[in-house]
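Asks: If you read the protein sequences in the order shown, they are chains A and D. With the numbering used here as the guide, the letters of the first sequence map in order to residues 1 to 391. With the numbering used here as the guide, the letters of the second sequence map in order to residues 1 to 391.
Errors might be hidden in some of the hints.
Note: identical chains are not told apart, hence a pair may lie in one copy or across any two.
Unchecked claim - Here are the simulated lysine-lysine pairs, DSBU-like style, with alpha carbons at most 35 Å apart:
hint: 1; residue 1: Lys-352; residue 2: Lys-224
hint: 2; residue 1: Lys-194; residue 2: Lys-243
hint: 3; residue 1: Lys-288; residue 2: Lys-60
hint: 4; residue 1: Lys-296; residue 2: Lys-142
hint: 5; residue 1: Lys-144; residue 2: Lys-227
hint: 6; residue 1: Lys-244; residue 2: Lys-144
hint: 7; residue 1: Lys-142; residue 2: Lys-192
hint: 8; residue 1: Lys-194; residue 2: Lys-297
hint: 9; residue 1: Lys-144; residue 2: Lys-60
hint: 10; residue 1: Lys-120; residue 2: Lys-297
hint: 11; residue 1: Lys-244; residue 2: Lys-339
hint: 12; residue 1: Lys-144; residue 2: Lys-339
hint: 13; residue 1: Lys-354; residue 2: Lys-120
hint: 14; residue 1: Lys-192; residue 2: Lys-9
hint: 15; residue 1: Lys-9; residue 2: Lys-309
hint: 16; residue 1: Lys-334; residue 2: Lys-142
hint: 17; residue 1: Lys-123; residue 2: Lys-352
hint: 18; residue 1: Lys-194; residue 2: Lys-339
hint: 19; residue 1: Lys-387; residue 2: Lys-352
hint: 20; residue 1: Lys-334; residue 2: Lys-243
hint: 21; residue 1: Lys-352; residue 2: Lys-227
hint: 22; residue 1: Lys-144; residue 2: Lys-297
hint: 23; residue 1: Lys-120; residue 2: Lys-227
hint: 24; residue 1: Lys-243; residue 2: Lys-144
hint: 25; residue 1: Lys-227; residue 2: Lys-339
hint: 26; residue 1: Lys-309; residue 2: Lys-224
hint: 27; residue 1: Lys-227; residue 2: Lys-334
In case anyone wonders, no lab produced these hints; they're calculated from the structure. Since the structure is predicted, the reported quantities are computational estimates derived from the model, not experimental observations.
2 protein chains.
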Amino acid sequence: MHLEVSNPKLSPTNPPRRLLLGPGPQNAHPRVHSAMALPQVGHMDPGFMFIMEETKSLLKYVWQTSNRFTIPVSGTGSAAWEAAIANLTEPGDVHLICVNGYFGERALDMHSRYGAVIRKISKPDGEVFALDDIRAGIQEHKPKLVWLCHAETSTGTLQPMDGVGDLCRENNCLLLLDTVTSICGSPIYLDKWKIDAAYAGGQKCMGCPPGVSCLSFNDRAISKLEKRNSPVASWYLDLTMIKKYLDVPTGAVRTYHHTAPISMIYAMRESLQLVSEEGLEAAWARHKDVASLLYKKLSEMEGFEMHVKDQAIRNPALTTVRVPTDVPPDQLIKYVREKYEIEIGGGLGSLKDKIIRIGLMGYNARPDNVLLVIAAIKEAVDAIRGKTTTV
Amino acid sequence: MHLEVSNPKLSPTNPPRRLLLGPGPQNAHPRVHSAMALPQVGHMDPGFMFIMEETKSLLKYVWQTSNRFTIPVSGTGSAAWEAAIANLTEPGDVHLICVNGYFGERALDMHSRYGAVIRKISKPDGEVFALDDIRAGIQEHKPKLVWLCHAETSTGTLQPMDGVGDLCRENNCLLLLDTVTSICGSPIYLDKWKIDAAYAGGQKCMGCPPGVSCLSFNDRAISKLEKRNSPVASWYLDLTMIKKYLDVPTGAVRTYHHTAPISMIYAMRESLQLVSEEGLEAAWARHKDVASLLYKKLSEMEGFEMHVKDQAIRNPALTTVRVPTDVPPDQLIKYVREKYEIEIGGGLGSLKDKIIRIGLMGYNARPDNVLLVIAAIKEAVDAIRGKTTTV
């Protein structure tokens with residue numbers, strides 16, 4: 001048979017150059033790119049399993065957990081989230097979803113797909129939950145699982161965690177924490193905070209390209225998994241099977257489940273290695289210091305207001321900003337991308353066309369990037385206003 | 001709070017060197033590694049969407065399909081498979097699974113997770129289905145979907161496809177084809193063969209590292225998706241949502257779903273580019289020629305027998321071999337890995353400890369690799385026999 005679909009005859013892959021100062025992904029450190037180019041090995045190779053174990057130990061460090069079951073997940077952050085839900089939900093379980101932004105809204109959908117009975121408590125975009133809010137929600141709905149977002153990527157908040165873990169234990173429910181945009185950028189103590197399950201993406205403050213994520217279950221979560229009455233609804237994300245590949249006693253036989261994303265594991269391993277070399281507390285401090293510089297510069301610009309008023313609940317890695325009313329955010333974003341190849345983010349969900357989002361994460365959390373993005377934004381505002389007046 | 005989980009203080013990422021001549025992954029072409037190190041861009045960036053569209057057009061070429069909905073999937077091959085099932089299954093649908101190896105057995109499990117009523121027809125490991133077998137299965141079970149494996153990675157067979165598509169259309173059922181280990185290595189004509197849905201991994205003959213996969217739906221499959229009564233059971237793999245991100249008319253607004261694995265898309269784009277530069281028919285011919293050389297060399301070695309007797313149904317990319325009875329396959333595999341850093345595969349499922357699997361795929365499908373692996377196997381056999389006689 002001859003070919004009916006013709007050869008498209010394209011040129012080699014050639015992406016544009018961008019400085020990524022939006023909500024993620026971020027530019028990775030050159031060493032991470034080099035790690036991705038290291039030789040492929042097989043997913044059952046003892047040499048690869050050694051790297052996998054190293055990656056697990058680094059994940060435990062940055063999450064501050066001794067959870068044995070702390071693993072990379074073969075997909076982007078949403079896959080790790082879905083893995084947590086698929087494995088910790090049995091049809092009919094009540095889940096209390098704490099909604100204070102776009103990702104909370106998404107949780108309502110995602111958790112319901114696995115048969116959870118959804119209950120929610122809500123806070124306006126840009127606010128966080130008080131312990132009493134969560135207590136009232138738990139007492140009213142008696143959930144089996146509470147989903148809480150540590151860092152809402154759509155709003156820029158950072159949820160205070162004091163007392164939440166104890167509250168969930170007292171009420172015999174699991175606490176599932178989204179740490180996608182806080183891991184490696186802000187203090188997280190999974191064990192001290194008594195988090196039962198957490199997940200994260202690699203492409204934010206960890207400094208890894210997107211394509212791999214991570215998950216940690218403590219004994220309470222593992223117990224829920226082991227006592228399931230129904231099979232896990234997803235085969236790809238079935239942790240009872242993945243456990244036999246990724247979490248076996250030293251020297252025991254590992255069972256093939258799916259082909260791991262080798263190069264992305266290298267990338268995550270090397271991103272975490274960079275955090276380890278810097279020191280976790282130093283990485284947290286760097287994100288905070290760079291954010292402070294950004295806040296200072298923004299405070300000097302007329303018409304720019306912090307969307308999250310209270311600095312104590314701001315995620316230093318991701319700053320949400322209301323811009324002057326005569327400056328459409330999409331025009332500003334387009335200007336800095338087209339003129340300077342800088343990506344900053346727009347609003348998501350209810351904040352669409354209302355804010356810009358400036359991410360200073362991982363390798364990109366540096367003071368030079370603050371100077372640059374502020375200068376570019378200033379020029380964009382002038383240009384947009386100039387254009388407006390000449391129309 | 002101070003850190004309780006200490007810094008593991010490891011060295012930089014350092015995988016072993018391996019020549020991967022097993023069932024996959026394979027070593028990628030150096031240009032593919034370089035592509036992974038290209039600058040990160042955002043997943044909503046117009047520059048990235050351009051690369052995504054290029055990747056889609058290259059996928060159409062290598063699958064020989066004009067299916068508009070031909071996309072990369074953000075996970076390994078099993079994720080693309082699960083995406084096909086999750087989107088094409090409604091609870092209670094009868095699925096006819098054609099089982100002739102380990103992956104057929106796996107299908108029974110995977111499809112059942114999505115509520116399919118499982119019916120199966122079986123052939124022994126190393127055989128393929130005759131059209132009459134499939135016809136009888138369809139007439140008996142009246143399925144809504146037939147799952148068939150084009151290239152069974154556990155056994156090394158290649159399923160003849162003549163008439164299967166017509167048969168499914170006549171009986172008003174969808175045909176889902178697994179092309180994980182045949183894409184880019186053996187002729188596939190999705191359109192001419194009337195395949196309704198197909199999926200593949202990138203890490204076999206396409207020459208991409210694992211971590212990204214692909215999926216194609218024709219209009220019949222899209223129609224099934226659009227007429228669903230129940231929501232897609234997986235959020236991460238929900239193609240009704242992914243469609244709004246990946247498959248929109250030129251110039252239309254794309255809707256964020258999840259963060260795409262940017263570097264892995266570059267890798268897939270560049271792997272496909274290499275196939276395009278070589279020419280698809282030349283790539284098919286190269287895999288076939290290299291396999292013929294391997295068959296010839298193996299035929300000269302006493303006690304080595306082809307597991308798939310009939311050359312017409314052998315997958316050239318993956319050769320399954322029964323080794324002399326006094327040579328345990330696991331010892332042979334260990335010897336060539338430890339002495340020469342060459343990976344060859346063992347048997348899976350019912351073929352465990354019975355065969356070895358030699359993959360010559362993508363960049364590794366070269367005659368020099370045949371000479372090398374044959375020489376290494378010969379030495380391993382001598383060494384194992386030497387050891388045995390001295391015990």
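Asks: None of the hints should be skipped; say for each whether it holds.
Replies: Verification of the supplied hints:
1. When the C-alpha separation of Lys-352 and Lys-224 is checked against a cutoff of 35 Å, the pair qualifies only between copies, where the shortest distance is 33 Å, while the shortest distance within a copy is 38 Å.
2. Taking CA atoms no more than 35 Å apart as the test, Lys-194 paired with Lys-243 passes inside one copy only; the shortest distance there is 22 Å, against 39 Å between copies.
3. Only within a single protomer do Lys-288 and Lys-60 lie at most 35 Å apart by alpha-carbon distance; the minimum there is 22 Å, versus 47 Å between protomers.
4. With identical chains, the CA atoms of Lys-296 and Lys-142 are never at most 35 Å apart, being 44 Å at best within one copy and 69 Å at best between copies.
5. Proximity of Lys-144 and Lys-227 under a CA criterion of 35 Å is satisfied in both settings, with 14 Å inside one chain copy and 34 Å between copies.
6. Taking the shortest alpha-carbon separations for Lys-244 and Lys-144, both the intra-copy value of 26 Å and the inter-copy value of 33 Å come in at or below 35 Å.
7. In this assembly of identical chains, Lys-142 and Lys-192 lie within 35 Å of each other by CA distance solely inside one copy; the values are 24 Å within and 56 Å between copies.
8. For the identical chains of this complex, Lys-194 and Lys-297 are neighbours neither inside a copy (37 Å) nor across copies (61 Å), given an alpha-carbon limit of 35 Å.
9. Taking the shortest alpha-carbon separations for Lys-144 and Lys-60, only the intra-copy value of 25 Å comes in at or below 35 Å, while the best inter-copy value is 46 Å.
10. In this assembly of identical chains, Lys-120 and Lys-297 lie within 35 Å of each other by CA distance neither inside one copy nor across copies; the values are 37 Å within and 66 Å between.
11. In this assembly of identical chains, the alpha carbons of Lys-244 and Lys-339 lie at most 35 Å apart only when taken from different copies (28 Å versus 51 Å within one copy).
12. Proximity of Lys-144 to Lys-339 under the C-alpha cut-off of 35 Å is found in neither arrangement, the shortest distances being 51 Å within a copy and 53 Å between copies.
13. For the homomeric pair Lys-354 and Lys-120, the shortest alpha-carbon distance inside one copy (25 Å) is at most 35 Å, but the shortest distance between copies (55 Å) is not.
14. In this assembly of identical chains, Lys-192 and Lys-9 lie within 35 Å of each other by CA distance solely across copies; the values are 22 Å between and 56 Å within a copy.
15. Taking the closest pair of Cα atoms, Lys-9 and Lys-309 never come within 35 Å of each other, the shortest separation being 53 Å inside a single copy and 38 Å across copies.
16. Taking CA atoms no more than 35 Å apart as the test, Lys-334 paired with Lys-142 passes in neither setting, with 46 Å inside one copy and 54 Å between copies.
17. Within a single copy, Lys-123 and Lys-352 get their C-alpha atoms as close as 18 Å, which meets the 35 Å cut-off; across copies the closest is 55 Å, which misses it.
18. In this assembly of identical chains, the alpha carbons of Lys-194 and Lys-339 never lie at most 35 Å apart, being 47 Å within a copy and 47 Å across copies at closest.
19. Only within a single protomer do Lys-387 and Lys-352 lie at most 35 Å apart by alpha-carbon distance; the minimum there is 23 Å, versus 71 Å between protomers.
20. For the identical chains of this complex, Lys-334 and Lys-243 are inter-copy neighbours only, at 24 Å across copies versus 45 Å inside a copy, given an alpha-carbon limit of 35 Å.
21. For the homomeric pair Lys-352 and Lys-227, the shortest alpha-carbon distance between copies (30 Å) is at most 35 Å, but the shortest distance inside one copy (42 Å) is not.
22. In this assembly of identical chains, the alpha carbons of Lys-144 and Lys-297 never lie at most 35 Å apart, being 45 Å within a copy and 61 Å across copies at closest.
23. Proximity of Lys-120 to Lys-227 under the C-alpha cut-off of 35 Å is found in both arrangements, the shortest distances being 26 Å within a copy and 30 Å between copies.
24. Taking the shortest alpha-carbon separations for Lys-243 and Lys-144, both the intra-copy value of 23 Å and the inter-copy value of 33 Å come in at or below 35 Å.
25. For the homomeric pair Lys-227 and Lys-339, neither the shortest alpha-carbon distance inside one copy (56 Å) nor that between copies (44 Å) is at most 35 Å.
26. Proximity of Lys-309 to Lys-224 under the C-alpha cut-off of 35 Å is found in neither arrangement, the shortest distances being 39 Å within a copy and 48 Å between copies.
27. Taking the shortest alpha-carbon separations for Lys-227 and Lys-334, neither the intra-copy value of 51 Å nor the inter-copy value of 38 Å comes in at or below 35 Å.
The structure is inconsistent with the numbered hints 4, 8, 10, 12, 15, 16, 18, 22, 25, 26 and 27, although it conforms to all the rest.
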